[in-house]
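Turn these sequences into a full structure, and let the hints steer you where they fit.
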Amino acid sequence: MSTDDEPAEDPANPAASSESSPAWGPATSADRPATPADDAAGRAGPSADGAARARGIGRQGSYSKGIARRREILDRAIEVFRDRGADGTSLRRIAEAIGVSHGALLHYFSSREELLVAVYEHAERRRDLDRLEREGPSALDDELAVDVMANAALANLEVPGLVQLYSTLVATSLESERGPAKEFFTARFENVRRGLATRLREDQAAGRVRADVDPDQMAALIVAASDGLQIQWLLEPSIQLQQTLELFAVLLEP
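For the sequence shown, the positions run 7 to 260 when my numbering is used.
Calculated from the structure, these hints are not laboratory results.
Some hints here could point you the wrong way.
[Stated by the list, open to error] Derived Cβ-Cβ restraints for the label pairs, each shown as a range: (1) Pro-243 / Arg-216: 30 to 36 Å; (2) Ile-237 / Glu-78: 28 to 34 Å; (3) Asp-222 / Ala-177: 21 to 27 Å.
Virtual Cβ for every residue (Gly too), placed ideally from N, Cα, C.
Listed below in C-alpha coordinates is the structure:
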(Lines of atoms letter the chains of each structure in order from A and count residues from 1; the text may use other names and numbers.)
(Lines give C-alpha, C1' and ligand atoms only; values in the text may rest on other atoms or scores of the structure.)
Protein backbone atom coordinates (compact mmCIF):
# COMPACT_ATOMS: atom_id res chain seq x y z
CA MET A 1 0.00 0.00 0.00
CA SER A 2 1.40 3.38 -0.98
CA THR A 3 1.81 6.28 1.38
CA ASP A 4 1.85 8.68 -1.55
CA ASP A 5 -1.80 8.35 -2.50
CA GLU A 6 -5.06 6.53 -1.93
CA PRO A 7 -4.91 2.76 -1.34
CA ALA A 8 -6.99 2.01 -4.44
CA GLU A 9 -4.08 2.87 -6.74
CA ASP A 10 -0.56 1.52 -7.06
CA PRO A 11 2.10 4.21 -7.57
CA ALA A 12 4.59 1.68 -8.88
CA ASN A 13 2.16 0.49 -11.53
CA PRO A 14 0.20 3.36 -13.08
CA ALA A 15 -1.43 0.96 -15.52
CA ALA A 16 -3.33 -0.49 -12.58
CA SER A 17 -5.23 2.75 -12.14
CA SER A 18 -8.98 2.53 -12.62
CA GLU A 19 -8.83 5.36 -15.16
CA SER A 20 -9.20 3.98 -18.68
CA SER A 21 -8.63 7.16 -20.69
CA PRO A 22 -5.14 8.46 -21.58
CA ALA A 23 -3.68 10.29 -18.60
CA TRP A 24 -2.78 13.29 -20.72
CA GLY A 25 -6.22 13.89 -22.19
CA PRO A 26 -7.91 17.22 -21.40
CA ALA A 27 -10.48 17.03 -18.66
CA THR A 28 -14.04 18.17 -19.08
CA SER A 29 -15.63 20.72 -16.80
CA ALA A 30 -17.38 17.88 -15.00
CA ASP A 31 -14.02 16.43 -13.91
CA ARG A 32 -13.21 19.23 -11.49
CA PRO A 33 -14.80 21.98 -9.38
CA ALA A 34 -14.93 25.56 -10.60
CA THR A 35 -12.24 27.87 -9.24
CA PRO A 36 -11.73 31.64 -9.01
CA ALA A 37 -9.31 31.46 -11.94
CA ASP A 38 -11.99 29.78 -14.05
CA ASP A 39 -14.51 32.47 -13.15
CA ALA A 40 -12.02 35.15 -14.13
CA ALA A 41 -10.92 33.46 -17.37
CA GLY A 42 -9.88 36.08 -19.86
CA ARG A 43 -9.30 38.61 -17.07
CA ALA A 44 -6.61 37.01 -14.93
CA GLY A 45 -4.26 36.59 -17.85
CA PRO A 46 -3.88 34.65 -21.10
CA SER A 47 -3.48 31.30 -19.41
CA ALA A 48 -6.68 31.25 -17.37
CA ASP A 49 -9.13 29.82 -19.89
CA GLY A 50 -6.63 27.56 -21.58
CA ALA A 51 -5.43 26.20 -18.27
CA ALA A 52 -9.00 25.56 -17.19
CA ARG A 53 -9.78 23.51 -20.30
CA ALA A 54 -6.53 21.59 -20.05
CA ARG A 55 -7.11 20.55 -16.44
CA GLY A 56 -6.52 16.87 -15.80
CA ILE A 57 -2.95 16.42 -17.06
CA GLY A 58 -1.74 13.24 -15.45
CA ARG A 59 -3.63 11.25 -12.84
CA GLN A 60 -5.44 13.41 -10.32
CA GLY A 61 -5.93 11.00 -7.47
CA SER A 62 -9.44 10.25 -6.27
CA TYR A 63 -8.87 10.88 -2.58
CA SER A 64 -8.04 14.21 -0.92
CA LYS A 65 -4.65 12.92 0.20
CA GLY A 66 -3.72 11.97 -3.35
CA ILE A 67 -4.88 15.29 -4.78
CA ALA A 68 -2.85 17.19 -2.18
CA ARG A 69 0.17 14.96 -2.81
CA ARG A 70 0.03 15.64 -6.56
CA ARG A 71 -0.15 19.39 -5.93
CA GLU A 72 2.83 19.17 -3.57
CA ILE A 73 4.86 17.33 -6.22
CA LEU A 74 4.07 20.00 -8.81
CA ASP A 75 4.91 22.81 -6.37
CA ARG A 76 8.30 21.21 -5.70
CA ALA A 77 8.91 20.65 -9.40
CA ILE A 78 8.25 24.34 -10.14
CA GLU A 79 11.01 25.28 -7.70
CA VAL A 80 13.39 22.77 -9.30
CA PHE A 81 12.73 24.17 -12.79
CA ARG A 82 12.55 27.81 -11.71
CA ASP A 83 16.15 28.66 -12.51
CA ARG A 84 17.24 26.04 -15.03
CA GLY A 85 14.19 24.62 -16.79
CA ALA A 86 13.89 20.92 -17.48
CA ASP A 87 17.49 20.82 -18.75
CA GLY A 88 17.11 17.39 -20.36
CA THR A 89 16.70 15.72 -16.98
CA SER A 90 15.20 12.23 -16.92
CA LEU A 91 12.02 11.42 -15.01
CA ARG A 92 14.05 9.49 -12.46
CA ARG A 93 16.41 12.40 -11.90
CA ILE A 94 13.47 14.78 -11.56
CA ALA A 95 12.02 12.48 -8.89
CA GLU A 96 15.31 12.60 -7.01
CA ALA A 97 15.49 16.40 -7.28
CA ILE A 98 12.02 16.95 -5.82
CA GLY A 99 12.45 14.30 -3.15
CA VAL A 100 9.99 11.57 -4.18
CA SER A 101 10.44 8.04 -5.44
CA HIS A 102 10.42 7.26 -9.14
CA GLY A 103 7.40 5.02 -8.57
CA ALA A 104 5.50 7.78 -6.80
CA LEU A 105 6.11 10.13 -9.71
CA LEU A 106 4.93 7.49 -12.19
CA HIS A 107 1.76 7.16 -10.13
CA TYR A 108 0.68 10.61 -11.28
CA PHE A 109 2.57 11.13 -14.55
CA SER A 110 3.19 8.36 -17.06
CA SER A 111 6.01 10.14 -18.91
CA ARG A 112 8.51 12.95 -18.57
CA GLU A 113 6.62 15.00 -21.16
CA GLU A 114 3.37 14.63 -19.27
CA LEU A 115 5.03 15.80 -16.04
CA LEU A 116 6.63 18.82 -17.71
CA VAL A 117 3.34 19.91 -19.28
CA ALA A 118 1.62 19.55 -15.90
CA VAL A 119 4.38 21.60 -14.22
CA TYR A 120 3.99 24.42 -16.73
CA GLU A 121 0.18 24.39 -16.50
CA HIS A 122 0.34 24.38 -12.70
CA ALA A 123 2.83 27.27 -12.64
CA GLU A 124 0.63 29.41 -14.91
CA ARG A 125 -2.46 28.66 -12.93
CA ARG A 126 -0.73 29.41 -9.63
CA ARG A 127 0.50 32.72 -11.05
CA ASP A 128 -3.01 33.69 -12.15
CA LEU A 129 -4.55 32.79 -8.80
CA ASP A 130 -1.85 34.75 -6.95
CA ARG A 131 -2.62 37.80 -9.06
CA LEU A 132 -6.34 37.48 -8.44
CA GLU A 133 -5.71 37.31 -4.71
CA ARG A 134 -3.42 40.35 -4.79
CA GLU A 135 -5.44 42.62 -7.05
CA GLY A 136 -8.95 41.19 -7.24
CA PRO A 137 -10.92 40.61 -10.46
CA SER A 138 -11.99 44.25 -10.74
CA ALA A 139 -8.37 45.41 -11.02
CA LEU A 140 -8.04 43.49 -14.27
CA ASP A 141 -11.00 45.06 -16.04
CA ASP A 142 -9.15 48.17 -17.21
CA GLU A 143 -6.32 46.29 -18.92
CA LEU A 144 -6.01 46.62 -22.65
CA ALA A 145 -5.53 43.39 -24.57
CA VAL A 146 -1.87 44.32 -25.08
CA ASP A 147 -1.48 44.87 -21.32
CA VAL A 148 -2.75 41.36 -20.64
CA MET A 149 0.02 39.81 -22.73
CA ALA A 150 2.71 42.23 -21.56
CA ASN A 151 1.94 41.59 -17.88
CA ALA A 152 1.89 37.81 -18.38
CA ALA A 153 5.20 37.94 -20.27
CA LEU A 154 6.81 40.04 -17.54
CA ALA A 155 5.62 37.59 -14.90
CA ASN A 156 7.21 34.79 -16.92
CA LEU A 157 10.57 36.59 -16.96
CA GLU A 158 10.72 36.30 -13.18
CA VAL A 159 11.17 32.54 -13.60
CA PRO A 160 13.56 32.07 -16.55
CA GLY A 161 13.50 28.30 -16.20
CA LEU A 162 9.76 28.26 -16.89
CA VAL A 163 10.22 30.40 -20.02
CA GLN A 164 12.76 27.85 -21.19
CA LEU A 165 10.39 25.03 -20.27
CA TYR A 166 7.59 26.70 -22.25
CA SER A 167 9.76 27.06 -25.35
CA THR A 168 10.91 23.44 -25.08
CA LEU A 169 7.38 22.13 -24.73
CA VAL A 170 6.06 24.18 -27.65
CA ALA A 171 8.84 22.71 -29.80
CA THR A 172 7.95 19.24 -28.54
CA SER A 173 4.30 19.79 -29.46
CA LEU A 174 5.34 20.32 -33.08
CA GLU A 175 7.29 17.07 -33.29
CA SER A 176 4.44 14.59 -32.87
CA GLU A 177 0.85 14.18 -34.02
CA ARG A 178 -0.48 13.62 -30.52
CA GLY A 179 0.65 13.63 -26.92
CA PRO A 180 0.54 15.77 -23.76
CA ALA A 181 2.31 18.82 -25.20
CA LYS A 182 0.36 18.71 -28.47
CA GLU A 183 -2.98 18.50 -26.68
CA PHE A 184 -2.18 21.20 -24.13
CA PHE A 185 -0.65 23.82 -26.41
CA THR A 186 -3.17 23.38 -29.22
CA ALA A 187 -5.95 24.15 -26.72
CA ARG A 188 -3.91 26.85 -25.02
CA PHE A 189 -3.17 28.86 -28.16
CA GLU A 190 -6.79 28.59 -29.27
CA ASN A 191 -8.03 29.92 -25.94
CA VAL A 192 -5.43 32.66 -25.64
CA ARG A 193 -6.31 33.96 -29.12
CA ARG A 194 -10.02 33.79 -28.36
CA GLY A 195 -9.64 35.60 -25.05
CA LEU A 196 -7.50 38.35 -26.55
CA ALA A 197 -9.85 38.79 -29.50
CA THR A 198 -12.77 39.19 -27.10
CA ARG A 199 -10.82 41.78 -25.12
CA LEU A 200 -9.91 43.65 -28.34
CA ARG A 201 -13.58 43.80 -29.35
CA GLU A 202 -14.43 45.22 -25.93
CA ASP A 203 -11.63 47.77 -26.30
CA GLN A 204 -12.93 48.74 -29.76
CA ALA A 205 -16.46 49.15 -28.43
CA ALA A 206 -15.11 51.39 -25.64
CA GLY A 207 -13.16 53.49 -28.15
CA ARG A 208 -9.78 52.47 -26.72
CA VAL A 209 -8.60 50.57 -29.81
CA ARG A 210 -8.90 51.57 -33.45
CA ALA A 211 -11.90 50.04 -35.19
CA ASP A 212 -10.22 49.16 -38.48
CA VAL A 213 -8.22 46.17 -37.21
CA ASP A 214 -9.49 42.60 -37.19
CA PRO A 215 -9.53 41.38 -33.56
CA ASP A 216 -8.82 37.76 -34.42
CA GLN A 217 -5.85 38.58 -36.62
CA MET A 218 -4.46 41.09 -34.13
CA ALA A 219 -4.83 38.59 -31.28
CA ALA A 220 -2.74 36.05 -33.22
CA LEU A 221 -0.14 38.73 -33.96
CA ILE A 222 0.13 39.81 -30.30
CA VAL A 223 0.60 36.18 -29.19
CA ALA A 224 3.29 35.68 -31.84
CA ALA A 225 5.10 38.85 -30.73
CA SER A 226 4.95 37.91 -27.05
CA ASP A 227 6.26 34.39 -27.58
CA GLY A 228 8.92 35.50 -30.04
CA LEU A 229 10.19 38.22 -27.74
CA GLN A 230 10.44 35.81 -24.82
CA ILE A 231 12.55 33.45 -26.92
CA GLN A 232 14.78 36.36 -27.94
CA TRP A 233 15.05 37.35 -24.27
CA LEU A 234 16.29 33.86 -23.39
CA LEU A 235 19.11 34.35 -25.89
CA GLU A 236 19.71 38.03 -25.16
CA PRO A 237 18.43 39.28 -21.76
CA SER A 238 18.90 42.93 -22.76
CA ILE A 239 15.79 42.71 -24.96
CA GLN A 240 13.25 45.27 -23.68
CA LEU A 241 10.23 42.98 -23.70
CA GLN A 242 7.71 45.21 -21.94
CA GLN A 243 8.53 48.34 -23.92
CA THR A 244 8.46 46.43 -27.19
CA LEU A 245 5.08 44.85 -26.50
CA GLU A 246 3.70 48.22 -25.42
CA LEU A 247 4.34 49.50 -28.95
CA PHE A 248 1.17 47.61 -29.90
CA ALA A 249 -0.81 49.98 -27.68
CA VAL A 250 0.59 52.92 -29.65
CA LEU A 251 -0.15 51.27 -32.99
CA LEU A 252 -3.69 50.41 -31.91
CA GLU A 253 -4.65 53.83 -30.58
CA PRO A 254 -7.81 55.17 -32.31
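- Broken hints, by number: none
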